[in-house]
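Chemist: Chain by chain, the residues run as shown.
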Amino acid sequence: MSTLPAPLAGRLALTLALAVSVCWTARARAQEAAPADEVEAPVDDVDTEGAAPSAARDRTAQDPSADELPEGASSGPSLAERQAAARRGQVIGRPSGPDPSDPDLPVSMQLMIGGGGIIQPGSLDLALRSHDYGTPGGFFTADATITGRAADWLWLGGRFGGRGRFYTRNDGPGGHASAFDLMAVVHARFQLGRVFEIGLMVGAGAAVVGVMLRDVLSAGVWPRLTGGVQLGLRIGRGLRIVARFAWDYCTLFDIDRYGSDLELGGPSGALGIEVRS
Amino acid sequence: MRLVVASSLALALVASCARPAGTPLYRETFEEVCDGAPCGWEQVAGPAGGAMFVETIPGEHGVRLIGDGVAISGPVSGDEVIGGSIPASQLQAHIIARCDDGAILSIIVSMQDVAGTPIDMVTSLRPATTWDGDRPVLPLTARDPPITPSSFSDILGIIIRKEGPGACEVDYLSLASPAQPFVE
Chain H
1 MSTLPAPLAG RLALTLALAV SVCWTARARA QEAAPADEVE APVDDVDTEG
51 AAPSAARDRT AQDPSADELP EGASSGPSLA ERQAAARRGQ VIGRPSGPDP
101 SDPDLPVSMQ LMIGGGGIIQ PGSLDLALRS HDYGTPGGFF TADATITGRA
151 ADWLWLGGRF GGRGRFYTRN DGPGGHASAF DLMAVVHARF QLGRVFEIGL
201 MVGAGAAVVG VMLRDVLSAG VWPRLTGGVQ LGLRIGRGLR IVARFAWDYC
251 TLFDIDRYGS DLELGGPSGA LGIEVRS
Chain E
1 MRLVVASSLA LALVASCARP AGTPLYRETF EEVCDGAPCG WEQVAGPAGG
51 AMFVETIPGE HGVRLIGDGV AISGPVSGDE VIGGSIPASQ LQAHIIARCD
101 DGAILSIIVS MQDVAGTPID MVTSLRPATT WDGDRPVLPL TARDPPITPS
151 SFSDILGIII RKEGPGACEV DYLSLASPAQ PFVE
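So the protein lines, in turn, are chains H and E.
If you're matching positions, the first sequence starts at 1 in the numbering used here and goes up one per residue.
If you're matching positions, the second sequence starts at 1 in the numbering used here and goes up one per residue.
To be clear, the hints were calculated from the coordinates, so they are not data collected in a lab.
Please read all numbers here as calculations on a predicted model, not as lab measurements.
Treat the hints loosely; a few may be bogus.
[What the hints assert, rightly or not] The following label-pair restraints were derived from C-beta to C-beta distances: (1) Val186/H <-> Gly49/E: 52 to 62 Å; (2) Pro136/E <-> Ala150/H: 53 to 63 Å; (3) Gly115/H <-> Gly157/E: 43 to 53 Å; (4) Pro118/E <-> Asn170/H: 44 to 54 Å; (5) Leu271/H <-> Ala37/E: 46 to 56 Å.
Backbone N, C-alpha and C fix where the C-beta goes; we use that ideal spot for every residue, glycine too.
Can you build the whole structure from these sequences, using the hints too?
Modeler: Quick look at the structure:
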């Protein structure tokens, strides 16, 4: 058996040591560069079946299935996504921005009905009472509002509405008072999560206000103002239940030769539906 | 349970029908105009032109009396004949009116008692100067002779008289009795 010369054997040993060192260094760097969710996958994320889709694998019992959500809606990040984000020091939750389908629905129409109360009766109420009429302190309302989005939070449009009161009389026919108004409205809307929104709405315009007693109509045109808070509850794509609490100025002065005033304003509440298209 | 519901419904039905439909013994709304004056009414005292047809509030009309001593006489169509008799002491007048300060209104009701004797029942009031507030129901008392008949069977005529300064407006007048508030 022949033997290598001593200088050659020393060079081979040195080369082998260098090669082993380079391999260990490269392997360590490769492990450091690997994604965290691949090297630290949670135990519950392990697919024991091997055939389940990734979406179903990430979902928990508390999350609704995708087919239970309205079209365009999402239950937000899965539990696994939130856990992975937490390990990276990040906090993510359900989406809080506006409905992702909203940008495609820039026109809104609201149909609402409601009622309100007369806080300060007009002098016509007193005159009617002296004429043996009953003057209930409430009125009913109905209106339709169409607005278009000018900004993410600002909607501009118009409203056509009506309101009325009924008067009864002990001995004889009763009467009624009503107003039909047309107003320009400004609606500032703020989304609170994916479902709820709150808004402030103000409007100004004019109303035809009148009273009919014994089939005789007395009417006039007078300025009309409104302002209030509006709440929205999203129930589907482009569909919301809305509730409004407002204060309305709706008065007609000097309706008769005694200078009587007809009051149809005051605090009111309304409930309705909003459709976007 | 069904018996209770049925009984409640029957009771509600009876209660809703308890008030007889009809009109008071006498009622004038001054809503019809004939030749510039409320139909059937004529001025019987005071200066000429002292009574005129006016609108009190939108849709409601009445008669305006101007000047001291103006009186108007109203129609009695015969519908006021009472099928029987009612206590005269319970006769009440409901008048919806407004007067300028200091003016007084009198309502004079000519009636016939059960013996056929005519008698006048009267009430006076000083109405509010503005159209606001409730208008009270006033009792009538015998004027001449000053003895209230025990009962009456017919209304023969109505007179509204105004005394004092300014003007009065009368929108409604009715006569009724709590014992028999409506004619069948």
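Chemist: Does each hint fit the structure? Answer for all of them.
Modeler: Results of checking the hints against the structure:
no.	hint	verdict
1	Val186/H <-> Gly49/E: 52 to 62 Å	holds (58 Å)
2	Pro136/E <-> Ala150/H: 53 to 63 Å	holds (59 Å)
3	Gly115/H <-> Gly157/E: 43 to 53 Å	holds (48 Å)
4	Pro118/E <-> Asn170/H: 44 to 54 Å	violated (31 Å)
5	Leu271/H <-> Ala37/E: 46 to 56 Å	holds (52 Å)
In the structure shown, a violation is registered for the earlier hint numbered 4 alone.
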